[in-house]
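**Q** Protein sequence lines correspond, in order, to chains G and W.
Sequence positions in the first sequence follow numbering that gives the first Met the number 0 and run 0 to 414.
Sequence positions in the second sequence follow numbering that gives the first Met the number 0 and run 0 to 621.
No lab work stands behind these hints, which were simulated from the structure alone.
Note that the coordinates shown come from a computational prediction; the quantities given were computed from them, not determined experimentally.
Accuracy of the hints is not assured; some may be wrong.
[Said to hold, decoys possible] To give an idea of the interface, some chain W residues facing chain G are shown, with a C-beta separation under 10 Å as derived from the structure:
no., residue
1, Leu5
2, Ser29
3, Gln199
4, Tyr267
[Stated by the list, open to error] Here are the in silico distance ranges between beta carbons for each label pair:
no., chain 1, residue 1, chain 2, residue 2, range
5, G, Thr94, W, Asp206, 28 to 36 Å
6, G, Phe251, W, Leu141, 38 to 46 Å
7, W, Ile123, G, Glu248, 55 to 63 Å
8, G, Gly292, W, Tyr43, 20 to 28 Å
9, W, Leu107, G, Phe247, 31 to 39 Å
10, G, Thr94, W, Ser29, 39 to 47 Å
11, G, Ile246, W, Leu107, 36 to 44 Å
12, W, Asp44, G, Gly292, 22 to 30 Å
13, G, Leu263, W, Val41, 44 to 52 Å
14, W, Leu107, G, Leu263, 51 to 59 Å
15, G, Ile246, W, Tyr169, 56 to 64 Å
16, W, Glu92, G, Glu248, 37 to 45 Å
17, W, Ser29, G, Tyr182, 54 to 62 Å
18, W, Tyr43, G, Leu58, 48 to 56 Å
For every residue, glycine included, the Cβ atom is placed at its ideal position computed from N, Cα and C.
The residues making up each chain are set out below.
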Amino acid sequence: MAKSSAGFDWISIFIYLALILFGWANIYSASLGSSSGSFFDLSQPYGKQALFIGLSIFLVVIILSIEAKFYQRFSSVIYLISLLSLAGLFVFGKTISGATSWYSFGSFGVQPSEFAKFATALALSKYLSDIQTNIRRLDHQVKAFIIIALPAILIVPQPDPGSALVYAAFFFPLYREGLSGFYLVTGLSAVSVFILTLIIGPIWVSVAVLTLGILLFFRKRKKRPGKVLITLFVLISIGLSFSVNYIFENVFEQRHRDRFNIVLGKEVDSRGIGYNTHQSEIAIGSGGWLGKGWTEGTQTKGHFVPEQHTDYIFSTVGEEWGFVGSTMVVLLFMALLLRLIMLAERQRNQFYRVYGYSVIGILFLHFLVNIGMVIGIFPTVGIPLPFFSYGGSGLWGFTILLFIFIKLDSDRLSY
Amino acid sequence: MRKVLLYITILTTGLIFIGRLFYLQVVDTSLAIRSQDNAIKVVYDYPQRGYIYDRDGELMVSNQPSYDVMVIPRNLKPFDTTEFCNILNLAREDLEKKLDKARIYSPLLPSVVIPQLTKSEYAILQEKMRKYEGFYIQKRSLRDYQVDHSANVLGYIAEVNQKIINENPYYISGDLIGRAGVESQYEELLRGVKGVKHIQKDRFNRDIGPYKDGIYDTLPEKGKDITLTVDNDLQDYGTKLMKNKRGGIVALEPGTGEILALISAPNYDPAKLVGRSRSRNYWELYTDSIAKPLYDRGLLAEYPPGSPFKTLNALIGLQENVVDTDDSFSCNHGYAYGRGRKLGCHAHKSPLSMIPGIAQSCNAYFANVYRRIIEKYPTPQDGMDAWNEHLKSFGLGQFMGNDLSTGRPGKIPDSDYYNRIYDYPTYKWYATATLSNAIGQGEVLMTPIQLANMAATIGNKGWYYTPHILKEIDGTPIKEEKFTKKNYTTIEAKHFEPVIAGMHEVYKSGTASTLRIPGVEIAGKTGTAENFTKINGKRVQLTDHSIFVAFAPVDDPKIAIAVFVENGYWGSRYAGRMASLMIEKYLKGTITRTDMESWIMSHSLEDEYAKPLSGEPFIINQ
Numbered sequence: 000m001a002k003s004s005a006g007f008d009w010i011s012i013f014i015y016l017a018l019i020l021f022g023w024a025n026i027y028s029a030s031l032g033s034s035s036g037s038f039f040d041l042s043q044p045y046g047k048q049a050l051f052i053g054l055s056i057f058l059v060v061i062i063l064s065i066e067a068k069f070y071q072r073f074s075s076v077i078y079l080i081s082l083l084s085l086a087g088l089f090v091f092g093k094t095i096s097g098a099t100s101w102y103s104f105g106s107f108g109v110q111p112s113e114f115a116k117f118a119t120a121l122a123l124s125k126y127l128s129d130i131q132t133n134i135r136r137l138d139h140q141v142k143a144f145i146i147i148a149l150p151a152i153l154i155v156p157q158p159d160p161g162s163a164l165v166y167a168a169f170f171f172p173l174y175r176e177g178l179s180g181f182y183l184v185t186g187l188s189a190v191s192v193f194i195l196t197l198i199i200g201p202i203w204v205s206v207a208v209l210t211l212g213i214l215l216f217f218r219k220r221k222k223r224p225g226k227v228l229i230t231l232f233v234l235i236s237i238g239l240s241f242s243v244n245y246i247f248e249n250v251f252e253q254r255h256r257d258r259f260n261i262v263l264g265k266e267v268d269s270r271g272i273g274y275n276t277h278q279s280e281i282a283i284g285s286g287g288w289l290g291k292g293w294t295e296g297t298q299t300k301g302h303f304v305p306e307q308h309t310d311y312i313f314s315t316v317g318e319e320w321g322f323v324g325s326t327m328v329v330l331l332f333m334a335l336l337l338r339l340i341m342l343a344e345r346q347r348n349q350f351y352r353v354y355g356y357s358v359i360g361i362l363f364l365h366f367l368v369n370i371g372m373v374i375g376i377f378p379t380v381g382i383p384l385p386f387f388s389y390g391g392s393g394l395w396g397f398t399i400l401l402f403i404f405i406k407l408d409s410d411r412l413s414y
Numbered sequence: 000m001r002k003v004l005l006y007i008t009i010l011t012t013g014l015i016f017i018g019r020l021f022y023l024q025v026v027d028t029s030l031a032i033r034s035q036d037n038a039i040k041v042v043y044d045y046p047q048r049g050y051i052y053d054r055d056g057e058l059m060v061s062n063q064p065s066y067d068v069m070v071i072p073r074n075l076k077p078f079d080t081t082e083f084c085n086i087l088n089l090a091r092e093d094l095e096k097k098l099d100k101a102r103i104y105s106p107l108l109p110s111v112v113i114p115q116l117t118k119s120e121y122a123i124l125q126e127k128m129r130k131y132e133g134f135y136i137q138k139r140s141l142r143d144y145q146v147d148h149s150a151n152v153l154g155y156i157a158e159v160n161q162k163i164i165n166e167n168p169y170y171i172s173g174d175l176i177g178r179a180g181v182e183s184q185y186e187e188l189l190r191g192v193k194g195v196k197h198i199q200k201d202r203f204n205r206d207i208g209p210y211k212d213g214i215y216d217t218l219p220e221k222g223k224d225i226t227l228t229v230d231n232d233l234q235d236y237g238t239k240l241m242k243n244k245r246g247g248i249v250a251l252e253p254g255t256g257e258i259l260a261l262i263s264a265p266n267y268d269p270a271k272l273v274g275r276s277r278s279r280n281y282w283e284l285y286t287d288s289i290a291k292p293l294y295d296r297g298l299l300a301e302y303p304p305g306s307p308f309k310t311l312n313a314l315i316g317l318q319e320n321v322v323d324t325d326d327s328f329s330c331n332h333g334y335a336y337g338r339g340r341k342l343g344c345h346a347h348k349s350p351l352s353m354i355p356g357i358a359q360s361c362n363a364y365f366a367n368v369y370r371r372i373i374e375k376y377p378t379p380q381d382g383m384d385a386w387n388e389h390l391k392s393f394g395l396g397q398f399m400g401n402d403l404s405t406g407r408p409g410k411i412p413d414s415d416y417y418n419r420i421y422d423y424p425t426y427k428w429y430a431t432a433t434l435s436n437a438i439g440q441g442e443v444l445m446t447p448i449q450l451a452n453m454a455a456t457i458g459n460k461g462w463y464y465t466p467h468i469l470k471e472i473d474g475t476p477i478k479e480e481k482f483t484k485k486n487y488t489t490i491e492a493k494h495f496e497p498v499i500a501g502m503h504e505v506y507k508s509g510t511a512s513t514l515r516i517p518g519v520e521i522a523g524k525t526g527t528a529e530n531f532t533k534i535n536g537k538r539v540q541l542t543d544h545s546i547f548v549a550f551a552p553v554d555d556p557k558i559a560i561a562v563f564v565e566n567g568y569w570g571s572r573y574a575g576r577m578a579s580l581m582i583e584k585y586l587k588g589t590i591t592r593t594d595m596e597s598w599i600m601s602h603s604l605e606d607e608y609a610k611p612l613s614g615e616p617f618i619i620n621q
């Protein structure tokens, strides 16, 4: 036992602690009423969050003391429980602000979708590390896809499409384990064609795609993809481009169109749908180099940014800590993610590595979508900033997600 | 490739985020300004404007509360519109229109629905106010005039315009500022200093407490009460005397330079420029280009002073030692000079020495004195400048440096002036060319306040305090050196004796002998000034202006006065009578000569003023 333990990765743990504590300081500021009570006033979000943090530390101790093998062995069970808890919402769920995403226990609610992430990560890792699984095979790809898609399908109708979007993060472990780059190129091409069409229109996109196809055609035979493939790529892209308008106008709902239009700068509506983004940008922009100081943010105090202590918590950082503070947070996340890649890459056990990549993918997608939204370069999608945003389920979900991996990493020498 | 994809993605994302943050927080400063706009509300706390008292402590101007009915459309709840309209005496459609307008302006910010309620309207509304959610009453302070005269002295207050806001950062749109009169001159004393509160707002525009616990907030400083030097009773009386006439009365206290009375006619009730009908009334006054009620004739009208100016030439003659009190000059219905030119004079004994010369206002006498002054020097230029220097020491031909919001310098010509108009040295000019100056006509112009100050200076025998209108600030007498330091003229005190004697003689036996007040000895001088207007481009003479300057009592002057009545004909006819009545009113408090008083009050010069506008030929000096 002593021989096989390599100790915990304190760098990750320190970054984790720094993020939750700084996060709490900002939640305190964002939820501070006109009268400042005790730091642990349980009727206020900052008081509750302090309790959540305390419980997280307790969770960490439990997670780290459980045998690493347990997670591998019981991953399927955990996954099944998670799916059941999501399905149960349709019967027992409590509706809060339009979404039936909660089980209610007195004054506290539990959001199972936050826990489904690590459960899915465990299940996917288990499947991919199975000696019989070959991710290059289409039928195995479909099975992996089903594992990932099941929870997402259960989450979408809550409705919580933001949380469902997070499951795209599992592309990263799949790709690392050998999934064809074809999917990446296809996906990115489709997104690019879609967005470019919205900006410059289908005709110019078609011209661009044709040009690209012709250039590919004249490359050296060795490096050139097949002629059929190039032709298909060009035809499908042009087809997609011309149907974008139809999809945008008929499949999307107005609020989705609005969100795209705001980010693309086509619509300036700072009172209606654009209000959140606009207020968030004002708050961040008013911070300047060094910010206005903790609890001194005028936008934060005035509660100009809706949901500021949850999804928009980063705008408080921007206003009160300025460019220096918000860059620090970005750097902390980058440091954590890069550190976790290093950890994942040093695993000899494939289960450990796939799980590591799943953790990284999930954290990165939250980081990308949340901060991107708050600073106005990504459409509004309501997902929290890990370790930072207010919310017990979210904090615990991310804590469990991260610390299972830290536990697994400490066990790497047993392989 | 499979290992580096995530590295690249994470690094790129981080860099894009940091770049975007740098743009939002460091490069684009407009967002920081927006944040101040919508999160911090600045509220001003306006102090009471200071009161204005007359020299005896009588209240002239105070404040009255005025009540604006305000609305915040977002907070409106359904209410009994019929009752609301009845209380405010308002048509239902008007109310709807006003509310729509407020909604369009902003659903969250307050708008005025009905401005400036009367006290009684307010009293009824106040009881029922709780029933009208969304409405509230905003109290404002307006001027409350205790007098119906002296608008030219007091001035008025009005909202600041964009120019003032640009020039003076103290004021913001909607602030009131003193315009004209002492309201303008002593704006900073009267207004006090407004207090500032910074209030943190939330996104619903609600106040959620002081910004940074109020470290940037200041308390308002109350406006100061001021006491003017004018006498309320004298102002009131002079205004009544001037009814239906045009002109100005200026009275000074020679011993202090305090302005006892400053009357301009026609004038208006200062209360007209307060309240709901302010702008309509102001427009009426402003566009009256014939009577010009906003034009303060006591300070701005530059008239040829006429005969009273002769006293100054007598003083200069004595000081320059070119004439003796016993020197006599003959007068043959005037003074002949040059090639057959003559300065006319009326019939009187001849020859005359100085005292009777002043008493009879002999043009020939002063023509001689004036020529001697100018011709004492080797060139007429030197003579003219010496003469000009003496007059300057009386504060003539220049701004007096008083504390009135407006004024004119008048005109006293010098050698440069004549060199210019005669194109010297191509053409030469001599004393005779400027001979009209001898009798206060020609190029000499004075304002009524300068005339009054001249009388005060003669009464003081050679010195004067700069006239001023501020006596006390919050009960403390002013100490400003400008108004408490004597200005000495270039004339020695002894030379004033014969001039005063001459002016006294005017009153005892001369042109003003009909104006006598029992028990009061006056030194005065009548004036009758020719004046012209243009009708269809043609120069047409109008009835003479009636002028009188005086001080009394002769031995110890307590009041110096100048009265100017446009087209009032000879000096003692209107101006003399008014001056005499004003002096009696001030010195004795009561009027013994009620027949003279009622003659003045019942006589109108409106017919005279209508003549040049009638378009028909008319006769002057009837």
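**Q** Confirm or reject each hint.
**A** Hints, one by one, checked against the model:
no.: 1; hint: Leu5; result: holds, 6 Å
no.: 2; hint: Ser29; result: holds, 8 Å
no.: 3; hint: Gln199; result: holds, 5 Å
no.: 4; hint: Tyr267; result: violated, 49 Å
no.: 5; hint: G:Thr94 with W:Asp206: 28 to 36 Å; result: holds, 34 Å
no.: 6; hint: G:Phe251 with W:Leu141: 38 to 46 Å; result: violated, 59 Å
no.: 7; hint: W:Ile123 with G:Glu248: 55 to 63 Å; result: holds, 59 Å
no.: 8; hint: G:Gly292 with W:Tyr43: 20 to 28 Å; result: holds, 27 Å
no.: 9; hint: W:Leu107 with G:Phe247: 31 to 39 Å; result: holds, 34 Å
no.: 10; hint: G:Thr94 with W:Ser29: 39 to 47 Å; result: holds, 40 Å
no.: 11; hint: G:Ile246 with W:Leu107: 36 to 44 Å; result: holds, 39 Å
no.: 12; hint: W:Asp44 with G:Gly292: 22 to 30 Å; result: holds, 27 Å
no.: 13; hint: G:Leu263 with W:Val41: 44 to 52 Å; result: violated, 37 Å
no.: 14; hint: W:Leu107 with G:Leu263: 51 to 59 Å; result: violated, 30 Å
no.: 15; hint: G:Ile246 with W:Tyr169: 56 to 64 Å; result: holds, 59 Å
no.: 16; hint: W:Glu92 with G:Glu248: 37 to 45 Å; result: holds, 44 Å
no.: 17; hint: W:Ser29 with G:Tyr182: 54 to 62 Å; result: violated, 43 Å
no.: 18; hint: W:Tyr43 with G:Leu58: 48 to 56 Å; result: holds, 54 Å
Violated hints for the displayed structure, listed by number in ascending order: 4, 6, 13, 14 and 17.
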